[in-house]
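K.L.:
What follows is each chain in one-letter form.
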Amino acid sequence: MNTISAIQQFIQNPYNDYGGHMQTFLIICLLAIVWSVVIAVPLGVLAAQNRRIAFLATNISGLGRAIPTIAFFGFATTTALGIGIKPAVIALIVLGIPPILLNTIAGLQGIDPAVTDAARGMGMTPVQALLRVQLPLVVPVVAAGVRTSAVQIVATAPLAAIIGAGGLGDYILGGIGLVSLIGPAEVLVGVIPVIALALLTEYGLAALQRALTPVALRQSAQRAPVGAASAQNGKGVMAA
Amino acid sequence: MAKIEFVHVTKQYPGTTRAAVDDVSLTVAEGTLCMLLGTSGSGKTTLLRMINRLIDPSAGQILIDGKPTTEQDPIALRRSIGYVIQQIGLFPHLTIAENVRVVPNILGQPKDATAARVDALLNLVGLDPAEYRNRFPRQLSGGQQQRVGLARALAADPDLLLMDEPFGALDAITRERMQDELRRIQRDVHKTIVFVTHDVQEALKLGDQIAVMSDGQLVQAGPPAELLLHPADDFVARLLGADNPLSLYEHVSVATLLEPLAGATGGPIDAATPVLQALLTLVQTSAAALAVSRDGTVVGQVSLDGIQRRLRAAPGQKTPPLPINA
Numbered sequence: 001m002n003t004i005s006a007i008q009q010f011i012q013n014p015y016n017d018y019g020g021h022m023q024t025f026l027i028i029c030l031l032a033i034v035w036s037v038v039i040a041v042p043l044g045v046l047a048a049q050n051r052r053i054a055f056l057a058t059n060i061s062g063l064g065r066a067i068p069t070i071a072f073f074g075f076a077t078t079t080a081l082g083i084g085i086k087p088a089v090i091a092l093i094v095l096g097i098p099p100i101l102l103n104t105i106a107g108l109q110g111i112d113p114a115v116t117d118a119a120r121g122m123g124m125t126p127v128q129a130l131l132r133v134q135l136p137l138v139v140p141v142v143a144a145g146v147r148t149s150a151v152q153i154v155a156t157a158p159l160a161a162i163i164g165a166g167g168l169g170d171y172i173l174g175g176i177g178l179v180s181l182i183g184p185a186e187v188l189v190g191v192i193p194v195i196a197l198a199l200l201t202e203y204g205l206a207a208l209q210r211a212l213t214p215v216a217l218r219q220s221a222q223r224a225p226v227g228a229a230s231a232q233n234g235k236g237v238m239a240a
Numbered sequence: 001m002a003k004i005e006f007v008h009v010t011k012q013y014p015g016t017t018r019a020a021v022d023d024v025s026l027t028v029a030e031g032t033l034c035m036l037l038g039t040s041g042s043g044k045t046t047l048l049r050m051i052n053r054l055i056d057p058s059a060g061q062i063l064i065d066g067k068p069t070t071e072q073d074p075i076a077l078r079r080s081i082g083y084v085i086q087q088i089g090l091f092p093h094l095t096i097a098e099n100v101r102v103v104p105n106i107l108g109q110p111k112d113a114t115a116a117r118v119d120a121l122l123n124l125v126g127l128d129p130a131e132y133r134n135r136f137p138r139q140l141s142g143g144q145q146q147r148v149g150l151a152r153a154l155a156a157d158p159d160l161l162l163m164d165e166p167f168g169a170l171d172a173i174t175r176e177r178m179q180d181e182l183r184r185i186q187r188d189v190h191k192t193i194v195f196v197t198h199d200v201q202e203a204l205k206l207g208d209q210i211a212v213m214s215d216g217q218l219v220q221a222g223p224p225a226e227l228l229l230h231p232a233d234d235f236v237a238r239l240l241g242a243d244n245p246l247s248l249y250e251h252v253s254v255a256t257l258l259e260p261l262a263g264a265t266g267g268p269i270d271a272a273t274p275v276l277q278a279l280l281t282l283v284q285t286s287a288a289a290l291a292v293s294r295d296g297t298v299v300g301q302v303s304l305d306g307i308q309r310r311l312r313a314a315p316g317q318k319t320p321p322l323p324i325n326a
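Same order as they appear, the protein sequences are chains A and B.
Mapped onto this note's numbering, the consecutive letters of the first sequence carry residue numbers 1 to 240.
Mapped onto this note's numbering, the consecutive letters of the second sequence carry residue numbers 1 to 326.
No wet-lab data here; the hints were simulated from the structure.
Positions of the beta carbon are idealized from the N, C-alpha and C atoms, including for glycine.
Treat each hint with caution, since some may be false.
Taking beta-carbon pairs under 8 Å as the criterion, some of the chain A residues facing chain B (in silico) [to be verified]: (1) D17; (2) M124; (3) P136; (4) A198; (5) E202; (6) G204; (7) A216; (8) L217.
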């Protein structure tokens, strides 16, 4: 039996509940991404205005990045959350927050103070300054953070299977033990969609980031790694 | 219409022992350019930023055309006042035209109604609209960006313009060119301008009035020639270089040296001509005296002898007089 037909059979076998696993996986990813954004963006806005919060936020985020995610998954099960989707999503949120948080802080702090002063001095209300000036300048940087974070979440979410969250990780983990018996098919039905989803997230969000970037800033708006917001304040790439 | 009066204006920041601006009273006449001159920390920027209420005074009042600023809505007040800063602060995500249009835009004026005005303003500040309209700030040099900054400040046709060291970050050549441009523009638009600078030459060159600030206090205010001829104290004299005849006679007009007409062979020159320039003409033409006219009527003369007598008699002279052999 060749691998491709084995994969086909596996997917079509109702006993394997392929659709259900796929749905669980997508829900885990989506919840983790949305909650990361919902938590990290306001926190970043807050932190950008307060040095002490910024210091705490960046350092705790840094610490979070140093701890392996698998340890988080393990740790989450020892709490009242137990096993299942909840602790998995929370572990993924912890993973997803730092890039968004750091980019939001860097993006806001990267706005040239002269630009903000000019906006105020010309008589913009705080809301006008936010909507017309700060937001267009900071959204691309935040979007870059969301993109990094979302890809990390999608790529890490299969691990959630080890704490009983289900999803595509079940096939990968389950399949690894069976490779010698039934071949790579079960691993592949998990791995291939995960790779495809990660790539889709990467390129989809890259397109979104580009669409959200004002035309004037596009040349300098590449991945915009954490902390590299200087291109947003007009001191970036000088055009010829 | 825009006359500004500072009435005993004081600003003390919380937690400081010394006032940033200390009991300043000053009047800026309508349509004139007042230079706030002082070293950094002298309070000149604070004084400027109190006019459009970016900072509110701790005591005293600022009246614009007799109306206290504190009785006006700060947002509406700022929209009615042009604002230019050293760091320019153009919005990097907007085109040049969109940047210029910002204030008309937030005032709710439709885009097509302001398009012609934007072009006129770009022309006024010396930028070809067709070439620059759709560019972005970062594609412009510093000097060009500040031209846009000036156009942006003029967009809603304010009577009053605040400029905080607008040319401070430009190179010397561009700065000088921008000063000339501002002088030319001011001849056309006649705004009331308050201009912060630490550059003495800039203050002497542009100001109808110079207000010298030190440690938050207004030391002296008056036309450049008056400050040079009658400095209130040593600080003003040293700051302006009043003891240097070259600097003095570059900014003092021949009107101050006028003598009755007696055998002038040269001229006539205008009464507003700087003494230094008259001196050059005298030397170049070997004339003993030049006729001086005001509004086309000859009102007297200025002579080499007269200048020499004045140089020798200059009070508080600290440097030797110019070695002129009449």
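K.L.:
For every hint, state whether the structure bears it out.
P.N.:
Hints and how they fare:
no.: 1; hint: D17; verdict: 48 Å, violated
no.: 2; hint: M124; verdict: 6 Å, holds
no.: 3; hint: P136; verdict: 5 Å, holds
no.: 4; hint: A198; verdict: 31 Å, violated
no.: 5; hint: E202; verdict: 25 Å, violated
no.: 6; hint: G204; verdict: 23 Å, violated
no.: 7; hint: A216; verdict: 4 Å, holds
no.: 8; hint: L217; verdict: 6 Å, holds
When held up to the earlier numbered hints, the structure conflicts with 1, 4, 5, 6 and fits the remainder.
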